[in-house]
Amino acid sequence: MTIIADMHTHTIVSGHAYSTLDENLRAASAKRLLFMATTEHGPCMPGAPHAYYFSNMRILPRELYGVRLIRGIEANVLNTAGELDLPERFLRNLDYVAVGLHDDCFAPASVEENTQALLTAMQNPLVDTVVHPGNPKFPLDISRLLTAAAEQGVLIEINNSSLLGSRKGSGETCGIIARMASERRMRVVLGSDAHYAGSVGELTKALNLARCAGIADEYILNLSKDAVEQFVEQRRQRKQTARKVPIK
Amino acid sequence: MKDWGLFADLHTHTCHSDGHAAITGNAAAARDRGLKQVAITDHGPGNFGVGMKRPELTLAAMREQINAWNKFEGSPEVLLGIEANVISRDGDLDLPDEVLKGLDVVIASLHPLVRPASLLDGLTLFAPDLLQRLTKFRSRRLRNANTKAMIEAVSRHPVSFVGHPGLWIDIDTRELAKACAKRDTALEINCSHASELEGYVKAALPAGVDFVINSDAHTPEVVGRLEPGIALAQRLRIPAERIRNAYVRE
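Residue numbers (our numbering), protein chains in the order written: chain A, 1 to 248; chain D, 1 to 250.
Bear in mind the hints are in silico, worked out from the structure with no lab data behind them.
All residues carry an ideal CB built from backbone N, CA and C; glycine is no exception.
Any given hint might turn out to be false.
[Unchecked claim] 25 angstroms max Cα-Cα, derived PhoX-like pairs, lysine-lysine:
id : chain 1 : residue 1 : chain 2 : residue 2
1  : D       : 101       : D       : 36
2  : D       : 101       : A       : 137
3  : A       : 168       : D       : 101
4  : A       : 137       : A       : 239
5  : D       : 101       : A       : 205
[Unchecked claim] Pair ranges (Cβ atoms, derived):
id : chain 1 : residue 1 : chain 2 : residue 2 : range
6  : A       : 13        : D       : 120       : 56 to 64 angstroms
7  : A       : 153       : D       : 241       : 54 to 62 angstroms
8  : D       : 72        : A       : 2         : 32 to 40 angstroms
9  : A       : 143       : D       : 120       : 39 to 47 angstroms
10 : D       : 72        : A       : 56        : 44 to 52 angstroms
11 : A       : 226       : D       : 90        : 36 to 44 angstroms
12 : A       : 92        : D       : 219       : 56 to 64 angstroms
13 : D       : 219       : A       : 20        : 36 to 44 angstroms
14 : D       : 193       : A       : 204       : 25 to 33 angstroms
15 : D       : 102       : A       : 18        : 44 to 52 angstroms
16 : A       : 183       : D       : 113       : 42 to 50 angstroms
17 : D       : 219       : A       : 81        : 43 to 51 angstroms
18 : D       : 70        : A       : 108       : 48 to 56 angstroms
19 : D       : 90        : A       : 204       : 36 to 44 angstroms
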């Protein structure tokens, strides 16, 4: 099975990436991807776009160069109440909401607090994925994280660039996450976290780690067109039907 | 001579050390080659760079994957092993016996690039071994030290067979073969290096020691590629009864 989707990419809009959306899509097309999620950092990040960037994404074509464009965001979890840095009315219009902890927006805290922040964020029906949970800066209770993710149908990401040195020391925790996900037969998603068009679709390290941990190919979202379509559709329905979760 | 074939490949690597595929990749390749058994024997933690990290945790996870394969796929039977490193002149291995006893296959190998048990072991054994591998340097004292280290290793630990003897490290094969024959430990004929091994197999034969023929595969394509070893064994007329993973064709 080959990779047909990259669910985590950035453009110059994020402020610290170097290619345009068009360049990323061409790169995705050249690598024969069928899906590419564009996931800029949420507004809390220095240099990240204003909320209007996300609301205006509706003008973008759904497909370009044979690649389906998934309108996404890498939102920041701001506190242990699970608050995100983009208001719900904007999040609602996106296809794909990935959330993560970044130290510009959430000061690294104890395992309990880091985990609590993500657990509460995941209760939000608008949240689809937790990105780079292997980051050693934000130690987590992996078992609780995976239990909550399974309950909410939220995906756990194995981040390729974490394994290439973006977040040093991630490999070991990523390995533990992958093993645990494999034992529990949970689905994972791979993301390149590309900040340059050349890295779009580059998921080799993450794929190897997942397979080595014993995760079967049908549990890796990026390997199946049907799986991606189903996931996006399921989450869309959930977003529409779920009651609004009040965020204190 | 009886006509014989091999039913197992007992030395293969996966992504848990310096191999490339997952356990299932090697298992599926072994099935495609018609083998009944395949052992996953990744490098012990002592190898610089490629050794298994957090070995006990990793081995436990590997055992789970292997149990799942054996339960749901059934064939070939996958065995969990290790290619342990000799790390001292006294034959210490890089994993404790309690861990080794829980494994199906234990290979003991001498590699020059390992983390030695002590500085003195490094200076007197592994540094000269590395020098020897890279130059024409030969020393009887070093040869004796290597031989003693390996004989101690097979005497003191539950070793199934010695990995690629005759390769890289200068060793007294006759002495090693005698010691192995006495302890029912086999010597490997390593198909990844079969062309270099004729002299060593010839030297080992008179001791009456058993052999085992393995691929030392690092990719699934090489799993079960045992032809060079078979050819060598046939040329030297090793009887099938002395090859641990051989079966006699009726």
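Hint-by-hint comparison with the structure:
{"no.": "1", "hint": "D/101 <-> D/36", "in the structure": "23 angstroms, holds"}
{"no.": "2", "hint": "D/101 <-> A/137", "in the structure": "37 angstroms, violated"}
{"no.": "3", "hint": "A/168 <-> D/101", "in the structure": "35 angstroms, violated"}
{"no.": "4", "hint": "A/137 <-> A/239", "in the structure": "31 angstroms, violated"}
{"no.": "5", "hint": "D/101 <-> A/205", "in the structure": "33 angstroms, violated"}
{"no.": "6", "hint": "A/13 <-> D/120: 56 to 64 angstroms", "in the structure": "59 angstroms, holds"}
{"no.": "7", "hint": "A/153 <-> D/241: 54 to 62 angstroms", "in the structure": "59 angstroms, holds"}
{"no.": "8", "hint": "D/72 <-> A/2: 32 to 40 angstroms", "in the structure": "24 angstroms, violated"}
{"no.": "9", "hint": "A/143 <-> D/120: 39 to 47 angstroms", "in the structure": "44 angstroms, holds"}
{"no.": "10", "hint": "D/72 <-> A/56: 44 to 52 angstroms", "in the structure": "49 angstroms, holds"}
{"no.": "11", "hint": "A/226 <-> D/90: 36 to 44 angstroms", "in the structure": "58 angstroms, violated"}
{"no.": "12", "hint": "A/92 <-> D/219: 56 to 64 angstroms", "in the structure": "48 angstroms, violated"}
{"no.": "13", "hint": "D/219 <-> A/20: 36 to 44 angstroms", "in the structure": "38 angstroms, holds"}
{"no.": "14", "hint": "D/193 <-> A/204: 25 to 33 angstroms", "in the structure": "29 angstroms, holds"}
{"no.": "15", "hint": "D/102 <-> A/18: 44 to 52 angstroms", "in the structure": "50 angstroms, holds"}
{"no.": "16", "hint": "A/183 <-> D/113: 42 to 50 angstroms", "in the structure": "33 angstroms, violated"}
{"no.": "17", "hint": "D/219 <-> A/81: 43 to 51 angstroms", "in the structure": "49 angstroms, holds"}
{"no.": "18", "hint": "D/70 <-> A/108: 48 to 56 angstroms", "in the structure": "42 angstroms, violated"}
{"no.": "19", "hint": "D/90 <-> A/204: 36 to 44 angstroms", "in the structure": "42 angstroms, holds"}
Of the numbered hints given earlier, the model fails hints 2, 3, 4, 5, 8, 11, 12, 16, 18; all others are met.
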